[in-house]
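The residues making up each chain are set out below.
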Amino acid sequence: METRELKINMGPQHPSTHGVLRLVLDVDGERVVKAEPKVGYLHRGIEKLGENGSFQQVITHIDRLDYISAITNEFAYCRTVEKLLGITIPDRSEYIRTIVAEMQRISSHLLWLATHALDIGAMTVFLYTFRERETILDLFEELTGARLNNNYMRIGGVSRDLSSFFIETLYKFCDEFPDRIKEYDILIRENRIWIGRTRGVAVISAEEAINYGLSGPSLRGSGVNWDIRKAEPYGAYDKVDWVVPLGDNGDVYDRYWIRVEEMHQSTNIIRQCLDKLPAGPILVDDPKIVPPSKEKINAEIESLIHHFKLMTEGFKVPEGEVYCATEVPKGELGFYIVSDGSSRPYRMKIRAPSFVNLGAFNRLVSGGFIADVIAVIGTIDIVLGECDR
Amino acid sequence: METVKKEKRSLGFLEQLYVGEVVKGLAITGRHFFRNLFIHTAHLFGLMKSRKGAVTVQYPEERRVIPAGYRARHRLVRREDGSPRCVACMLCPTICPAQCIHVRAGESPDPAIEKYPVEFNIVLDRCVMCGLCVEACPVDAIRMDTGIVEMSAYDREEFVNRRDLLLGMNPQTPPLPKTRHG
Amino acid sequence: MNPTFAAIISVVFSVGFCTALIPLIPGIGSYLERKVAADIQQRIGPNRAGFLPFGILQAVADGIKAIQKEDLIPEHADRFLFKAAPYICIIGVFSCFAVIPFSGLFPLAGLNIGVYYILSISSLMAVGIVLAGWASNSKWTLLGGIRSAGQMISYEVPVAMSIVTVAMFAGTLDMAAMTAAQRSGWNIGFWNSNIFVTLSFPVYWIAALAECNRTPFDIPEAESELVAGYFTEYSGLRFSFFAIAEYAEMFVVSALAVVLYFGGFYLPFEGSIPWIRDLSGGWLALVHFAVFLFKVWVLIYLMIWIRWTLPRYRIDQLMDLCWKALIPIAFVNFIGTACWMALLG
Numbered sequence: 001m002e003t004r005e006l007k008i009n010m011g012p013q014h015p016s017t018h019g020v021l022r023l024v025l026d027v028d029g030e031r032v033v034k035a036e037p038k039v040g041y042l043h044r045g046i047e048k049l050g051e052n053g054s055f056q057q058v059i060t061h062i063d064r065l066d067y068i069s070a071i072t073n074e075f076a077y078c079r080t081v082e083k084l085l086g087i088t089i090p091d092r093s094e095y096i097r098t099i100v101a102e103m104q105r106i107s108s109h110l111l112w113l114a115t116h117a118l119d120i121g122a123m124t125v126f127l128y129t130f131r132e133r134e135t136i137l138d139l140f141e142e143l144t145g146a147r148l149n150n151n152y153m154r155i156g157g158v159s160r161d162l163s164s165f166f167i168e169t170l171y172k173f174c175d176e177f178p179d180r181i182k183e184y185d186i187l188i189r190e191n192r193i194w195i196g197r198t199r200g201v202a203v204i205s206a207e208e209a210i211n212y213g214l215s216g217p218s219l220r221g222s223g224v225n226w227d228i229r230k231a232e233p234y235g236a237y238d239k240v241d242w243v244v245p246l247g248d249n250g251d252v253y254d255r256y257w258i259r260v261e262e263m264h265q266s267t268n269i270i271r272q273c274l275d276k277l278p279a280g281p282i283l284v285d286d287p288k289i290v291p292p293s294k295e296k297i298n299a300e301i302e303s304l305i306h307h308f309k310l311m312t313e314g315f316k317v318p319e320g321e322v323y324c325a326t327e328v329p330k331g332e333l334g335f336y337i338v339s340d341g342s343s344r345p346y347r348m349k350i351r352a353p354s355f356v357n358l359g360a361f362n363r364l365v366s367g368g369f370i371a372d373v374i375a376v377i378g379t380i381d382i383v384l385g386e387c388d389r
Numbered sequence: 390m391e392t393v394k395k396e397k398r399s400l401g402f403l404e405q406l407y408v409g410e411v412v413k414g415l416a417i418t419g420r421h422f423f424r425n426l427f428i429h430t431a432h433l434f435g436l437m438k439s440r441k442g443a444v445t446v447q448y449p450e451e452r453r454v455i456p457a458g459y460r461a462r463h464r465l466v467r468r469e470d471g472s473p474r475c476v477a478c479m480l481c482p483t484i485c486p487a488q489c490i491h492v493r494a495g496e497s498p499d500p501a502i503e504k505y506p507v508e509f510n511i512v513l514d515r516c517v518m519c520g521l522c523v524e525a526c527p528v529d530a531i532r533m534d535t536g537i538v539e540m541s542a543y544d545r546e547e548f549v550n551r552r553d554l555l556l557g558m559n560p561q562t563p564p565l566p567k568t569r570h571g
Numbered sequence: 572m573n574p575t576f577a578a579i580i581s582v583v584f585s586v587g588f589c590t591a592l593i594p595l596i597p598g599i600g601s602y603l604e605r606k607v608a609a610d611i612q613q614r615i616g617p618n619r620a621g622f623l624p625f626g627i628l629q630a631v632a633d634g635i636k637a638i639q640k641e642d643l644i645p646e647h648a649d650r651f652l653f654k655a656a657p658y659i660c661i662i663g664v665f666s667c668f669a670v671i672p673f674s675g676l677f678p679l680a681g682l683n684i685g686v687y688y689i690l691s692i693s694s695l696m697a698v699g700i701v702l703a704g705w706a707s708n709s710k711w712t713l714l715g716g717i718r719s720a721g722q723m724i725s726y727e728v729p730v731a732m733s734i735v736t737v738a739m740f741a742g743t744l745d746m747a748a749m750t751a752a753q754r755s756g757w758n759i760g761f762w763n764s765n766i767f768v769t770l771s772f773p774v775y776w777i778a779a780l781a782e783c784n785r786t787p788f789d790i791p792e793a794e795s796e797l798v799a800g801y802f803t804e805y806s807g808l809r810f811s812f813f814a815i816a817e818y819a820e821m822f823v824v825s826a827l828a829v830v831l832y833f834g835g836f837y838l839p840f841e842g843s844i845p846w847i848r849d850l851s852g853g854w855l856a857l858v859h860f861a862v863f864l865f866k867v868w869v870l871i872y873l874m875i876w877i878r879w880t881l882p883r884y885r886i887d888q889l890m891d892l893c894w895k896a897l898i899p900i901a902f903v904n905f906i907g908t909a910c911w912m913a914l915l916g
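Residue numbers (my numbering), protein chains in the order written: chain A, 1 to 389; chain B, 390 to 571; chain C, 572 to 916.
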């Protein structure tokens with residue numbers, strides 16, 4: 001008898017496609033023969049928008065790439081532009097950037113853990129992780145003025161300094177957080193059902209992972225020792241003591257384990273950065289880039305004119321092109337910016353980790369069960385805002 | 390690079406029986422259940438009000454305190470005589486990445502001041518709440534300190550905040566405690 | 572009293588009782604589920620519906636909402652089967668109430684093969700679910716229906732084997748007689764006397780969870796995989812019928828567990844509690860009724876607790892668990908009890 005595969009459309013309206021991913025699955029009973037991700041439902045043309053705004057305006061668009069970890073996006077973008085400008089930012093702002101980026105990594109991983117666990121059926125973990133994420137978002141709210149799209153970093157530093165209250169609360173969070181992770185661990189990490197659902201599922205070898213261009217926890221899950229924070233240290237990552245968690249099987253469980261370990265490491269990094277936080281300015285002392293302070297504007301006409309120049313035209317960035325990669329929670333977020341010497345990027349290409357990781361989707365899914373599709377969507381940790389740009 | 394490897398271990402016989410881990414998980418959820426049930430019951434009798442059983446904020450009745458630096462809905466600041474402080478310099482419409490601010494300048498009746506906004510519209514449904522307008526303003530005329538986070542309307546027209554509406558808004562009151570964690 | 576008249580009264584009462592249970596059990600069940608889930612997850616749960624405190628009227632509000640909703644039928648669905656499927660589920664589950672001994676006055680129908688009757692009639696639920704999955708003409712519901720067919724048929728084997736183990740030991744299939752046999756002591760007369768019967772309880776309980784499609788076995792409806800499984804296309808009242816059937820099924824399997832393993836409606840050491848001995852028939856029945864319901868709701872609470880703790884199985888692991896673990900254990904229990912009775916009894 002002739003048989004053929006059943007074609008089903010998973011998404012864009014589906015409870016667990018994390019926004020607007022559409023998957024066309026060919027299934028043979030419960031087995032997935034082929035999976036084809038269709039992207040683009042959340043395309044907003046951020047690369048193009050970037051060409052129409054001055055370098056500082058673009059930050060607001062960059063926030064909306066991976067909207068659950070906006071600050072790491074800003075970090076990546078600001079680093080790129082700073083590289084092009086050839087400036088180094090003050091130590092204090094490097095530390096502050098590292099702290100907020102690691103906080104963002106924790107909150108992003110918490111959201112990932114929540115949805116991953118929810119998709120696999122452990123609903124309670126979802127609300128426990130949101131409890132902790134709330135603390136981080138509250139801190140962001142206090143520091144940056146917004147919870148998700150923070151618009152916190154500036155080219156040449158950060159926009160606001162840490163308050164003593166912020167530091168106190170963050171210390172307290174760092175002390176409590178490992179215990180909270182233990183709670184999730186008991187609920188899922190050692191649970192036989194969870195292990196059954198994740199171990200040996202969607203295995204990818206180190207070589208293949210590299211060939212597919214995977215990055216971040218998805219790459220390290222296969223045992224490839226590649227973390228940009230270690231390989232090409234930036235921020236304050238080389239000034240603190242931390243380790244890179246590595247898996248060996250390259251399955252869903254190892255990637256899960258790595259992200260949970262990374263939360264521990266991030267807590268470590270935050271605590272050390274807070275300990276070592278140097279005094280000093282939070283913005284680079286370069287009047288060509290950083291607008292004068294409000295007091296100065298009120299006091300002297302030169303500063304006012306200068307402020308007008310910077311706000312209307314933006315600062316000029318020397319002609320050239322640059323690629324700069326940053327380790328964000330999802331993997332390697334790279335910006336490739338071409339400048340023609342004006343105050344707007346001539347071209348901005350974004351290497352979004354979600355998009356590249358999604359490329360390995362068919363490889364990870366085919367041969368598995370329909371239930372594994374959900375586990376894989378969770379394990380590559382995609383955010384469609386970043387994927388579709 | 391220093392790394393930490395995942396500990397390799399196969400499951401012991403007891404773990405393969407599922408039971409132990411399931412019981413541990415049940416203990417965690419059960420602890421939360423009985424603890425919160427106890428606290429909620431105590432609340433009924435007016436006891437233990439200081440301990441919260443749930444992290445929920447009962448929104449319309451109970452509101453979070455919004456921290457001082459929060460970028461909420463905009464307002465325009467007035468001078469002492471009640472006229473807008475804005476001098477219609479056009480910096481905010483220029484810097485706005487969402488292009489949601491529209492200003493039409495007019496000659497100010499006050500001879501000491503050159504211009505003033507005849508029209509000042511902020512189209513809230515386009516606004517991305519980035520706060521660049523506040524940063525750009527040289528005379529500190531626009532602020533985002535109203536503490537209003539509820540921005541909904543039945544009609545797109547209602548999202549267009551005109552000058553007088555913006556001038557009529559006040560900063561968040563009372564002056565804030567630092568945050569709700571304090 | 573005229574015997575015909577008494578018979579009519581008895582029928583009216585029986586039917587009325589079962590009909591009253593249709594909204595009551597899912598109402599209480601869903602409210603309990605929500606509140607327990609909320610407390611486990613540090614939330615508050617329903618607390619607004621109606622004028623009564625604690626959102627007690629939430630279930631009523633849900634019912635009213637379901638009734639008001641439009642009854643959508645997909646265009647190319649098999650209209651007759653689509654409409655019939657929820658009723659088949661409901662009938663299958665609520666028929667079981669006829670033989671459940673809530674107290675000394677029950678069961679409504681004094682069947683001497685009550686356990687057997689429950690086993691067979693509750694299988695109608697599987698039929699209803701498969702029909703719903705097939706008739707909706709949607710790929711998601713079809714997958715859900717197929718999954719559920721596989722799951723419910725497989726898990727009926729360990730359930731039946733466990734029940735047979737107890738029944739063999741009890742020497743009867745009559746639920747009232749089984750209850751009566753456990754009257755003394757802690758009401759656990761069956762399972763503390765024989766290791767195999769003891770072991771049959773976890774087997775029964777796990778398989779029963781699967782029969783009810785509860786997490787960790789909620790594969791037919793697996794909301795994160797199959798949208799909502801077999802009832803994806805249902806809306807309004809028909810949709811709520813499936814929910815009603817699910818809660819009623821939970822009630823039935825819990826009630827069966829109470830009868831088989833926890834001494835039915837008797838209190839522990841009932842014979843030695845003086846005030847119970849002094850109660851007249853009607854009051855005694857009422858006390859027994861309350862005791863029975865209490866035991867059942869404790870077991871339902873356990874189900875809810877498990878649901879909010881564990882992740883979900885995958886279909887192949889579910890089948891592995893059934894065919895490679897539960898059925899062999901159930902079989903060993905069955906043979907073991909037989910040998911035990913032959914050699915020691």
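Hints should not be assumed to be uniformly reliable.
Keeping only pairs whose Cα atoms sit at most 20 Å apart, straight-line, the calculated SDA-like set for lysine to any residue is [to be verified]:
#, chain 1, residue 1, chain 2, residue 2
1, A, K294, B, R532
2, A, K182, B, L415
3, B, K504, A, N298
4, C, K636, C, R650
5, C, K710, A, V33
6, A, K7, C, L713
7, A, K296, A, D275
8, A, K48, B, Q488
9, B, K438, C, F625
10, C, K710, A, N298
11, A, K34, C, K710
12, B, K441, A, I87
13, A, K172, B, R440
14, B, K413, A, E36
15, A, K38, A, P90
16, C, K710, A, E5
17, C, K895, C, K710
18, A, K309, B, R440
19, B, K441, A, T169
20, A, K309, B, S497
21, C, K710, A, T312
22, B, K441, C, N708
23, A, K7, C, W705
24, A, K182, B, K438
25, C, K710, C, S806
26, B, K413, A, N298
27, C, K710, A, D28
28, A, K7, C, G852
29, A, K7, C, I717
In short, the hints are calculated from the structure, not lab data.
Verification of the supplied hints:
Under the criterion of a C-alpha separation no larger than 20 Å, the hint pairing A/K294 with B/R532 is consistent with the structure, at around 14 Å. Using a Cα cut-off of 20 Å, the hinted pair A/K182 and B/L415 holds, with the two alpha carbons roughly 14 Å apart. Distance check on the hinted pair: B/K504 and A/N298 sit about 18 Å apart at the alpha-carbon level, within 20 Å; holds. With a C-alpha separation of about 23 Å, the suggested pair C/K636 and C/R650 falls outside the 20 Å cut-off, and the hint is violated.
Of the pairs offered as hints, the one joining C/K710 and A/V33 holds, with about 16 Å between alpha carbons and a cut-off of 20 Å not exceeded. For the given pair, A/K7 sits about 13 Å from C/L713 by alpha-carbon distance, which is consistent with the 20 Å threshold. For the hint linking A/K296 to A/D275, the alpha-carbon distance of about 32 Å lies beyond 20 Å, and the restraint is violated. With a C-alpha separation of about 16 Å, the suggested pair A/K48 and B/Q488 falls inside the 20 Å cut-off, and the hint holds.
A hinted pair counts as satisfied when its Cα atoms are at most 20 Å apart, and B/K438 with C/F625 qualifies at roughly 17 Å. Pair hint C/K710 plus A/N298 does not hold up; C-alpha atoms about 67 Å apart against a cutoff of 20 Å. Taken as a hint, the A/K34 and C/K710 pair is honoured in the structure, with Cα atoms around 16 Å apart against an allowance of 20 Å. A hinted pair counts as satisfied when its Cα atoms are at most 20 Å apart, and B/K441 with A/I87 does not qualify at roughly 49 Å.
This hinted pair checks out: A/K172 and B/R440 have alpha carbons roughly 18 Å apart, not beyond 20 Å. Proximity of B/K413 to A/E36 is assessed by CA-CA distance (about 39 Å); at most 20 Å being required, the pair is judged violated. The hinted pair formed by A/K38 and A/P90 fails the criterion: a straight-line CA distance of about 43 Å is larger than 20 Å. Pair hint C/K710 plus A/E5 holds up; C-alpha atoms about 12 Å apart against a cutoff of 20 Å.
Of the supplied pair hints, the one linking C/K895 and C/K710 is violated, its CA atoms being roughly 30 Å apart against a limit of 20 Å. At most 20 Å may separate the alpha-carbon atoms for a hinted pair to count; A/K309 and B/R440 exceed this at roughly 54 Å. A hinted pair counts as satisfied when its Cα atoms are at most 20 Å apart, and B/K441 with A/T169 qualifies at roughly 19 Å. With a C-alpha separation of about 24 Å, the suggested pair A/K309 and B/S497 falls outside the 20 Å cut-off, and the hint is violated.
Taking the CA atoms of C/K710 and A/T312, the gap is near 56 Å; set against the 20 Å cutoff, the hint is violated. For the given pair, B/K441 sits about 48 Å from C/N708 by alpha-carbon distance, which is inconsistent with the 20 Å threshold. Between A/K7 and C/W705 the CA atoms are separated by roughly 16 Å; this keeps the pair inside 20 Å, and the hint holds. In summary, the hint linking A/K182 to B/K438 is not supported, as the alpha carbons are separated by about 28 Å, beyond the 20 Å threshold.
Pair hint C/K710 plus C/S806 holds up; C-alpha atoms about 17 Å apart against a cutoff of 20 Å. Distance check on the hinted pair: B/K413 and A/N298 sit about 63 Å apart at the alpha-carbon level, beyond 20 Å; violated. For the given pair, C/K710 sits about 12 Å from A/D28 by alpha-carbon distance, which is consistent with the 20 Å threshold. With a C-alpha separation of about 63 Å, the suggested pairing of A/K7 with C/G852 is violated against the 20 Å cut-off.
A hinted pair counts as satisfied when its Cα atoms are at most 20 Å apart, and A/K7 with C/I717 qualifies at roughly 16 Å.
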